[in-house]
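Engineer: This is what each chain is made of:
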Amino acid sequence: MGIKILTEHINVPGIETLEVYRKHGGYRSVEKAIKTMTPEEVVEEVKTSGLRGRGGAGFPAGMKWSFLAKPEGVPRYLVCNADESEPGTFKDRVFMEKNPHALIEGMITSSYALGANTSYIYIRGELLFVLRILEKAIAEAYAAGLLGKNILGSGYDLDLHVAPGGGAYICGEETALLESLEGKRGNPRNKPPFPAVKGLFQSPTVVNNVETIASVPWIVNNSGAEYAKIGIGRSTGTKLISASGNINRPGVYEIDLGVPVEEFIYSDEYCGGIWKGKQLKAVVPGGSSVPILPADLILKTAAGEQRLMTYESLSDGGFVSGSMLGSGAFIVFDEDQCIVRNTWNYARFYHHESCGQCSPCREGTGWMERVLHRIEHGHGHQQDIDLLVSVAKQIEGNTICPLGDAAAWPVASAIRHFREEFEWHIKHPQEATAPGAVYRGQLAAATV
Amino acid sequence: MAETINAFKFSDKALAEIQRYISHYPEGRQKSALLPALHVAQAENNGWVSPEAMDAIAEILNIQPIEVYEVATFYTMFNLKPVGKHVLEVCRTGPCCLRGADQMIETFKQKLNIEEGETTADGMFTLKPVECLASCGTGPMLQVRETYYENLDSEEAVDQFIEMMRNKEVETPEWAK
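The listed protein sequences correspond, in order, to chains A and B. So the first sequence is numbered by our numbering: it starts at 8 and just counts up by one. So the second sequence is numbered by our numbering: it starts at 22 and just counts up by one.
If you are wondering where the hints come from, they were derived from the structure by calculation, not from laboratory data. Just so you know, not all the hints are guaranteed correct.
[Stated by the list, open to error] Stretch-level coverage of chain B by chain A, calculated; a stretch enters the list once three of its residues show a Cβ under 8 Å from a Cβ in chain A:
id, stretch
1, 157 to 170
2, 179 to 190
[As the list claims (entries may be wrong)] Residues of chain A placed beyond 10 Å of chain B at every Cβ, according to the derived structure:
id, residue
3, Val27
4, Met44
5, Glu51
6, Gly60
7, Gly122
8, Arg139
9, Ala170
10, Arg196
11, Gly240
12, Ser295
13, Glu319
14, Pro367
15, Gly448
We treat Cβ as the ideally placed atom computed from N, Cα and C, and that holds for glycine.
Please take these sequences and the hints and turn them into a complete structure.
Structural biologist: The following block contains the structure:
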């Protein structure tokens, strides 16, 4: 059991109120930062901590902060990305719902570090009930002098607002999010200029994930060096993992980065093993867009080393035999799950969510969905498999934003690791389309 | 006359809520309140956003109606046609399917005798498939207005849910109370 930086008090009754939150040490980082540190010193601590963006990309947060342009007389903004839409990811929702003040504290301390006087939490529109919880907590923080003019008598001003989306996966991409926050369609912007130079309302802006921002108070309270002691190598700190699929204990778990994958799946402290006593077939370890790995490759790398829950270990082997930690959405498949059906489901998702700006994504996602649909429904051709690989390859890297890659990787990786299963679907359409039919040949071979 | 078919007027509380959002943005950036305004309009207009409601928003935000239409049609939460009293937004994405979302959606179709996207003859339910709702640990699940209903993993659970909803009034959003 590791340290709980984000979730220690999450189940304390009343923690959503300012009173109980403060009783458990809440808002200490605001006092410490504003009263005893310069903004630059806060940025330095975050840099030292090695904290990496928790939304999926894993980019060092302190470095992102240091890119923020600071022209005279132009406002700067901090925007929290609470759009959490990556299939498999629900950590931010649970976190905000239970402990809203922890995010607000992070927003205040981080806004101070960046010199922002207005900040926004952009939350996906489906979570209006969480928006209400956040707004209630924000009102409490204003009343306590933690937000508004002259915070804690320091002369520092900050307004914090929550803005809802309207249902669009693409708005998790930071420039699409900014467009949406300006009341527009969520079409990602061309980069450069990056948001750090021209972001919200054409002003310098930092966009960070909920979990990233919520990690800042602990770093300020305990120092970046202390934070960097947790975890392994460049994967410092703790990470919230959203565990879902065919496991005994789905839910959100805070882990020290570095827990072995095998322990995470089978220990009763985490997933508690595969449900109904079934066998593990595959895992998508970082949200629907990262490559799927078969049981043998998720537990051990191709070189035979134990796979760990870190950015580096999960991507060991590149896309040939590895995957990514991504947003920490750990989706587990048991032996009864059909990879073709799941891949078609994901392809439909990305087609549905493509904003339509770039042709390779707009056309390619629909093409992949249609080809996968016909394979799943018993009308596939042998050449369809190579066709899918080819379409995926032509989308990847050829779009303004990473949605194209996100659509291509699940398809390419499913074929890479489960090609036999696709071939079986095409060769035996009647058998494959029977209710509950699943190809088991590859699984048997892998576990011998 | 066509213009009176969906006649629409915001209530005072709704107008106040939209103004509250406008106040969150810098001078001249009132368009930022568009998505919140669409949510308010949908709650005020029996769960859907009519062209008349969009025109009313354009007037409040001082933008062209087309700027509202292009946004309302981009985001999936805004229903652009009349819907049933309760819109069942059922998650159909991968992680929920691992826990039986396909079966849950099938059960709803059978019990309500409608296809996806349709409304029951009595106007009580609309079945609307949606993508991942960030509730993957408690799937299969669905959303109605501002509430999540989770772990609907059996026929009995679906039956109980439908019974409960039949007797339930539409939720009043926080700002309208």
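Engineer: It remains to establish, for every hint, whether it holds in the given structure.
Structural biologist: Results for each hint:
| no. | hint | in the structure |
| --- | --- | --- |
| 1 | 157 to 170 | holds (count 8) |
| 2 | 179 to 190 | violated (count 0) |
| 3 | Val27 | 22 Å, holds |
| 4 | Met44 | 28 Å, holds |
| 5 | Glu51 | 30 Å, holds |
| 6 | Gly60 | 18 Å, holds |
| 7 | Gly122 | 16 Å, holds |
| 8 | Arg139 | 5 Å, violated |
| 9 | Ala170 | 7 Å, violated |
| 10 | Arg196 | 15 Å, holds |
| 11 | Gly240 | 29 Å, holds |
| 12 | Ser295 | 6 Å, violated |
| 13 | Glu319 | 25 Å, holds |
| 14 | Pro367 | 20 Å, holds |
| 15 | Gly448 | 21 Å, holds |
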